[in-house]
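Listed in order, the protein sequences are those of chains A and B.
Residues in the first sequence are numbered from 1 upward in steps of one, following my numbering.
Residues in the second sequence are numbered from 1 upward in steps of one, following my numbering.
Source of the hints: derived by calculation from the structure; they are not laboratory data.
Any given hint might turn out to be false.
The list cannot tell twin chains apart, which means a pair is met if one copy fits it or any two copies do.
[Unchecked claim] Straight-line alpha carbon distances no greater than 25 Å define the calculated DSS-like cross-link-like pairs of lysine-lysine that follow: (1) LYS268 to LYS313; (2) LYS28 to LYS188; (3) LYS277 to LYS27; (4) LYS268 to LYS181; (5) LYS268 to LYS40; (6) LYS209 to LYS69; (7) LYS209 to LYS313; (8) LYS279 to LYS40; (9) LYS40 to LYS276; (10) LYS4 to LYS188; (11) LYS313 to LYS188; (12) LYS188 to LYS279; (13) LYS4 to LYS279; (14) LYS268 to LYS27.
Now for the letters of each chain:
Protein chains: 2
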Amino acid sequence: MIEKIGERTLHFTDAPRVVGFGSAVGKKEGEGPLSEWFDKIYTDTTMGGETWEKAEAALQKKAAELALKSADLDSGDVEYVFAGDLLNQCVSSSYGLRDLEIPFLGQYGACSTMAQTLSVASVFVESGAADTAAAVTSSHFCSAERQFRYPLQYGGQRTPTAQWTVTGSGSVILSAYRDGKFCSHGEKLDEHSGNLRRQIGVSHICAGKIVDMGITDANNMGAAMAGAAADTIYRFLEDTDTVPDDYDLIVTGDLGMVGTSILYDLLKADGVDVEKKHKDCGLMIFDTDTQDVHAGGSGCGCSASVLCSYILKKMRKRELNSVLFAATGALMSPTIVQQGESIPGISHLVHLTNYSD
Amino acid sequence: MIEKIGERTLHFTDAPRVVGFGSAVGKKEGEGPLSEWFDKIYTDTTMGGETWEKAEAALQKKAAELALKSADLDSGDVEYVFAGDLLNQCVSSSYGLRDLEIPFLGQYGACSTMAQTLSVASVFVESGAADTAAAVTSSHFCSAERQFRYPLQYGGQRTPTAQWTVTGSGSVILSAYRDGKFCSHGEKLDEHSGNLRRQIGVSHICAGKIVDMGITDANNMGAAMAGAAADTIYRFLEDTDTVPDDYDLIVTGDLGMVGTSILYDLLKADGVDVEKKHKDCGLMIFDTDTQDVHAGGSGCGCSASVLCSYILKKMRKRELNSVLFAATGALMSPTIVQQGESIPGISHLVHLTNYSD
C-alpha cells in the first residue's frame with residue numbers, strides 16, 4: 001500500500017523488493033576504487049559498437065541483462081521497463097532495450113534518472129500495476145563529451161569544476177512482495193537465493209522539484225544540482241521526522257567536490273548536518289587524486305553503476321541496512337545554455353531498507 | 001483500484017477524473033479545421049520568447065496554466081507533473097514548468113508523450129500516490145525543424161511522406177475520485193462545475209512495446225510508427241475482449257496519411273477493421289488539401305492539442321463517450337539515424353470513458 005507522508009514523501013508498506021541488479025562500466029571506472037564491485041568491466045569502451053551511441057546502447061543492454069540474470073528472470077517476466085539517459089531523444093535506452101520487448105516507458109531526469117526510474121517503477125509495483133518492473137539508465141564519456149562539450153579529437157581543456165562523465169550503466173529489477181511472498185515468479189525468485197531477493201526493499205520515495213540556483217556555467221554542474229539535492233533531502237527528513245543519524249548512508253548522485261561542499265553549506269543553514277553520513281557517487285567511483293577527473297564523476301551511469309554494485313552488494317551483506325539514494329540531475333541542454341539560460345537542477349530520493357524476513 | 005487485464009492492459013476501477021485540460025497552438029494550427037476548439041491561438045509563434053526553444057517552453061507553460069485554470073486549481077494543488085517533449089534533454093518541459101514548483105517526473109515517449117504522461121499520471125492517481133497530477137507535452141515546428149531536419153532559413157524541400165510538426169501543447173489535470181467524491185480539493189472541483197469535472201475518467205491504459213519496422217527514412221515517420229500503433233491497439237482489443245464498434249472513436253497520434261493506411265493494412269491482416277471508427281490527430285489538425293503539410297501533422301503537440309481541445313470538449317458535450325487515444329512516437333535521434341539505424345516506434349493507449357455520476 002502507498003501512504004503519503006508529510007508534504008512529498010511516499011511510504012510503501014509492502015516495499016517492492018530488489019530481486020536483481022547489475023552494473024557494467026568502462027575501463028577507467030574499472031581502474032577506480034570500486035573496481036571489485038562491478039559485474040562487468042569493458043576494456044574496449046566501444047563495447048563492440050561502431051559508434052559511441054551504439055556503444056552506450058550496448059552498455060545499457062548489458063546492465064539490463066545482468067540484472068535479469070541476477071534475478072533469475074527473463075525479459076518476458078518483466079511487465080514494464082523504465083529507462084532513460086542523457087543522449088538526445090534518450091536513444092541509448094530505446095535502441096539498447098528494443099530487443100527485450102518489454103513495455104517501455106522512457107524517463108528523463110538527466111543524471112537523476114536512476115532514482116527516477118526506481119521511483120516510478122516502485123509506484124507501479126507497489127500499486128499492483130506491475131508485479132515486476134525494471135529500472136535502467138546509462139551514460140558514456142565519449143557520447144556525452146561530443147554531445148555536451150567538444151568532439152573528443154579536439155582535446156579541449158577542462159575547467160577545475162568540470163566533472164568526468166562515467167561510462168557505466170546500472171539496472172534494478174523490482175518485484176511485488178505481499179503477505180510474506182512474491183506476487184509472481186515466486187518459484188524462480190526463491191530458488192537458490194535463500195532470502196536474498198526479499199531482503200532489500202524500496203520503503204520510501206521523495207520526488208524532486210526543479211530548483212534553479214542561477215548557475216549558467218555548464219562546466220559547473222555540481223553547483224547547479226546542489227540546491228535540488230539539499231531541497232529533496234531536507235524535505236524527506238522533515239516528512240519522515242528523521243535525522244541523518246537514522247541512516248547508514250546518504251548518497252548523492254554526482255555533485256562532485258564543488259556540489260558536495262555547497263550541499264553541506266545549504267543543509268547546515270537549515271540545521272541539518274549530513275556530512276558524517278554522506279557520500280557522493282561522483283567521488284566514490286573515481287580516485288580524484290590520481291584519475292584526473294577534476295571535480296569527480298557525473299552522468300546517469302555514475303549513480304546507477306555505484307548503486308547497482310557497491311551499495312546494493314553492501315546491503316545484501318548487511319553492512320549497510322538503510323540507505324538514502326538521492327540522485328541528482330541538471331535539466332539543461334547545450335542549446336538552451338548557449339542561449340543564456342541558467343541550469344535547473346532536480347533530485348529524486350529513494351529510501352532502500354533491508355528487511356529481515 | 002488497479003486491475004490487470006489480459007497481457008498488458010490496466011483497468012482503473014475508480015478511473016482518475018479529467019478535472020481540467022487546456023490547449024495552446026500556433027498560427028497555422030489556428031487556421032486549420034480545429035480552430036474553434038483550441039483555448040489559445042498564438043499569432044506570433046515566438047510566443048514572446050527570444051528563441052524557438054524558449055517559445056516552446058512558453059507554449060507548454062501556457063497549456064499547463066490553462067489546464068489548471070479550467071480545473072480551478074493552483075499549481076500548489078498538484079502533487080506531480082509528468083511532462084516531456086521532443087527537444088534535446090526535454091528542455092521545453094523543464095524550462096517551461098520550472099516556475100510551477102510541482103514535483104517533476106520527466107517522461108520521454110517522443111510523439112507518444114501525451115498518452116505516456118496520462119498513463120503514468122493515472123497510475124499515480126489511481127494508486128493513491130497522488131490525489132492530483134498533471135500531464136503535459138508540447139512541440140514547436142521551428143524548434144523541431146532545426147533540431148531534426150534543417151535550419152528554417154535553408155528552406156529545404158520536403159518529401160511527400162514528410163509530416164509537419166505541430167506548434168502546440170496540451171495539458172490534462174487528473175484527480176482521484178473514489179466512493180462518489182474527489183479525494184482532495186473536492187470543494188474547488190465541484191464548485192460551479194455541475195458534474196463536469198467528475199465526468200471523464202481514464203478507465204484503462206495499455207503501454208506500448210518498442211516495435212521496429214525497419215524504416216530508415218527520417219522523413220517517413222508515419223510508416224515507422226504504424227506497426228507500434230497496430231500492436232498496441234490489437235493488444236488492447238484482445239485484452240479487453242472488445243471490438244472497434246464498442247468505441248465512439250479510436251484516435252492515433254500522428255501517423256499521417258502514409259502511416260494510417262499502413263495501420264489499416266496491418267490490423268486487417270489480424271482480422272481487425274478500425275477504419276470506420278478511426279481518426280488520426282495528424283490528419284485532423286490540418287487540412288492536408290490546402291495547408292501544404294504533405295502527409296499530415298506530427299509532434300508531441302499534435303495529439304496533445306487535439307486531445308485537449310476537440311476530443312475532451314466533445315466528450316464533455318457527450319458527443320463522444322468512449323475514446324481510445326493511442327498516441328504514437330518514433331524513438332530516434334538524428335544522430336543515430338545518420339548512423340544507419342532503423343527507427344523504432346512506440347504507441348501507448350489510454351481509454352477515456354464518460355461516467356454518468
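Check each numbered hint against the structure and report the violated ones by number, ascending. Violated hints: 1, 2, 3, 4, 5, 7, 9, 12, 13, 14; rest satisfied.
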